[in-house]
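**Student:** Chains as they are written, first to last, in the numbering used here: chain S, 1 to 191; chain W, 1 to 291.
You may find that some hints are simply not true.
[As the list claims (entries may be wrong)] With a straight-line cut-off of 20 Å between C-alpha atoms, the simulated SDA-like cross-links for lysine to any residue are:
hint, chain 1, residue 1, chain 2, residue 2
1, S, Lys108, W, Lys141
2, S, Lys108, W, Arg53
3, S, Lys88, S, Thr124
4, W, Lys141, S, Lys88
5, W, Lys54, S, Pro146
6, W, Lys54, S, Arg179
7, W, Lys54, S, Leu110
8, W, Lys141, S, Pro146
Treat the hints as calculated values from the structure; they're not laboratory data.
Residue strings, one per chain:
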Amino acid sequence: LVLLLAAATPFLEAHPHIWIDSSVAFRFTDDGLAGFTVTWVFDDMNSAAMIELYDTSGDRRLDEAEVRGIRTDGFEHLYKRSYFLQLKVDGRARKPETATDFQARVDKGLLVYSFFVPLKLAATARDSTVTIAVMDDTWYVDFRVPEGGVASSQPRSLEVSARAAQQRETSPEGWVVNRQEVRVQFRRRAA
Amino acid sequence: VKPIAAAFLLGIGGTAAFANPFVPGATGGADRRPALESPRLVAGPRWFADAQRKLNARVAALARQAKEQPTAAPVLLALALAFAYGMLHALGPGHGKIFTLNYFLSEKPDLAKGFLFGAMMSFLDSLSALALVSAAYFVLKVAVLEAAEGATRTLRIVSYLLITGIGVWHLIAHIRHDHGHGHEAETRGAGHRRLLPMAISIGLVPCPVAMVLLVFGLSLDAFGFGIVLTVFLSLGATVALTLLAIGVMALKTGALSLVSAAERSRVTHVVEVAGSSMIVLFGVVLLASVA
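Chain W with its partners taken away, still in its complex shape (with noise of 0.2 Å):
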């Protein structure tokens, strides 16, 4: 087993655009021009960066003290500001919010839907980030950046690759549907059965934060403070995903609720077409961007 994880952590290098750039390795291909020339970032609203800044000053700061004098007030304080961090972290770009959007614009409105996608992508994404930790630290014994680079290339090129095949099951099930009109149980049913993986072929990769979170637990010899900490992190994540789920579900219904009786059922075919069609197309984007 050591040796086939060494190989998974280890062997796939290479550095896509979006990685740590200072950890070895991280040389990428060709030049990049000066970034003054090409800045197509991106800043986004200060305030958002600035925010999430002292959060994760804050968390860090508060685990240190909870480390040191391990009283209720800073573990409960770090749990709690680890939950916004999650929360405003999730509602910033990434997170596979473009396809929670088209997911859902895809789907049939459904509440219990929308909390469960978002609890899976958010936790799933954090169990992978424990499980390639767990797997660099105690198993192989290496750093977990110098593992993490290898490994989140070759799991990001997997989760692309299932997002766009789920994308296109997605499309042929709604061509399907179209033809086959009337078969809305059917339908429903399998929307329900593609919500598992197309969350797991989302939260496949390992979330960045969760990974230092934990390095971090590591360096202050609590680990499972530092677990516990990922968990409140994935729940603030999980409660921004589910609200734009529901967010989307609602827009959904009351879009179409303009529409007539008549033609509700046609809009709403062109919609989830639609969706379907973004997944894929982002799916085939992000792939390029990686492979």
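Bound-form chain S, shown alone (with noise of 0.2 Å):
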């Protein structure tokens, strides 16, 4: 009984509320990876509340104070929850060590945020593969990423690809989760 109410209890809470376009651009060097750009991207209702909340000026735009303070009050907690990216290295689970450069901005009324991540992995003659699945496990926030929101970086040293895929899982309570993730596999070039 307890497990089933365990189980159950995220499905007593209303969800999901917020609504974000997430996507990720990988960046390399011509000895590896170094990290990803993350951009979320939130729906014109909670951009709505997002600005009216952080925009203390009014004017609908962010300055750099008003930046600043997303940053320390709506931002930099979310290490706790891993930034809600779930990180594979070679099918390993690896939590992201920080966030830098957060920047965010307001374009056509929608708020955007981004963030780099860095994962400094050097490549070799044999594939390496990171996968990245944006997800809050509370579903109060429904990623997606959006249709062309893979990008990457191409170095002539290296073999890149980088794509979306579906992903289907299964939790330890049994529900059945289709993840979408981020897939980027890298080697170093022949020479």
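Got two chains here, separate frames each, mind docking them using the hints?
**Tutor:** Quick look at the structure:
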């Protein structure tokens, strides 16, 4: 009964309430992966509510001080939730260490966040694979990778392919989870 | 009044697990484990989330269009889609469905009661959102989301306490009914009296979708239209919750018709006690999740 209740608890609360388009752009150097930039575009209605909260000057734009306010009050604490990033390197889970270069702006009325997640991985002659699923496990926020939401730099020394993929997994409680993830594969180009 | 309202809206902070994670104070307690190690969710059917995402975006786009060119077409379409959005959203997780289900398991089937219950729950959580947005924006002049976090948590605690209390009241009434056989009319009357407190208890927690829709209306300088959209959102939710209530009652009646007449009274009593017990159990679970 306890297990049943624990499994059912997520369904007792209404959700989702926030809709975010989440894009990922991988950044490579000649030696391998340096990290990736995540961009979140909030839905129109929640953008309005968030802008009302953080745009203290009321001009419906975000100046430097307001962006700093968002970073301090509304973003930095997300490290506790791994920035909603479920990261795997060659199949093994890894927690993102930090997020840098946080930016926020208003674009055509929509609130846009972007930040860089450092993830240094040297390229070898064999394929390395990094997968990223952006997911709120309370489903208050629904993330989706939009069309064209995966990009990557392409240094000449490396072979790189990046794409979005669907993944079916089963949670410990037995729910089937359809995970949308971003996957990048890279290796050192043969001389 | 203003300081009391401010204390209520802002004073009791903290964050439940199910709360907007992008607002100040949303730090929660201890670090959560990386979601990958505990993917307890639940993405549900992808089409269900995508349909809501599309409806949300279309309602917003049409509302903008209606603001710029106030003609009938975008206004009517926005209202129709707000209705569909409300219906779909209410069919998703939450919205007191677990209590609706158990409440109607524990009550005598009554169609009018089903509709009343659905309508009251849907409109009350939107009314609660309207009161919160108005108090924050017009009276306290603070950001709505900032006010919402504290107030929602407080209202959740009150709501779950009331639900648990009403569940206990239900349970006692059913057990007493068992001891005092034959007081059918009395129990039915008590059931009607319990309907309003139960619906109020569930509807007390403001619907976040209604809240952001109202703030969106404010951002367009069209608060009135935001309210009308919220009414249609609630109408959609009413239809969904009424259908659920009628479905549960039909299921209960159908299942009981399979039982022999001699056994029916006893089985009905067991089902009703089980329904009340589940209300108490889920009330306590939810209370523990926010307290």
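**Student:** All hints are to be evaluated individually against the structure, with a verdict given for each.
**Tutor:** Here's how the hints hold up against the structure:
1. Of the supplied pair hints, the one linking Lys108 (chain S) and Lys141 (chain W) is violated, its CA atoms being roughly 26 Å apart against a limit of 20 Å.
2. Pair hint Lys108 (chain S) plus Arg53 (chain W) holds up; C-alpha atoms about 18 Å apart against a cutoff of 20 Å.
3. Restraint check: the Cα-Cα separation between Lys88 (chain S) and Thr124 (chain S) comes to about 18 Å, which is no more than 20 Å; the hinted pair holds.
4. Between Lys141 (chain W) and Lys88 (chain S) the CA atoms are separated by roughly 45 Å; this puts the pair beyond 20 Å, and the hint is violated.
5. Taking the CA atoms of Lys54 (chain W) and Pro146 (chain S), the gap is about 13 Å. The hint holds against a cut of 20 Å.
6. As the CA atoms of Lys54 (chain W) and Arg179 (chain S) are separated by approximately 19 Å, the hinted pair is consistent with the 20 Å bound.
7. Under the criterion of a C-alpha separation no larger than 20 Å, the hint pairing Lys54 (chain W) with Leu110 (chain S) is consistent with the structure, at around 15 Å.
8. Distance check on the hinted pair: Lys141 (chain W) and Pro146 (chain S) sit about 36 Å apart at the alpha-carbon level, beyond 20 Å; violated.
Comparing the model with each earlier hint shows violations of hints 1, 4 and 8; every other hint is respected.
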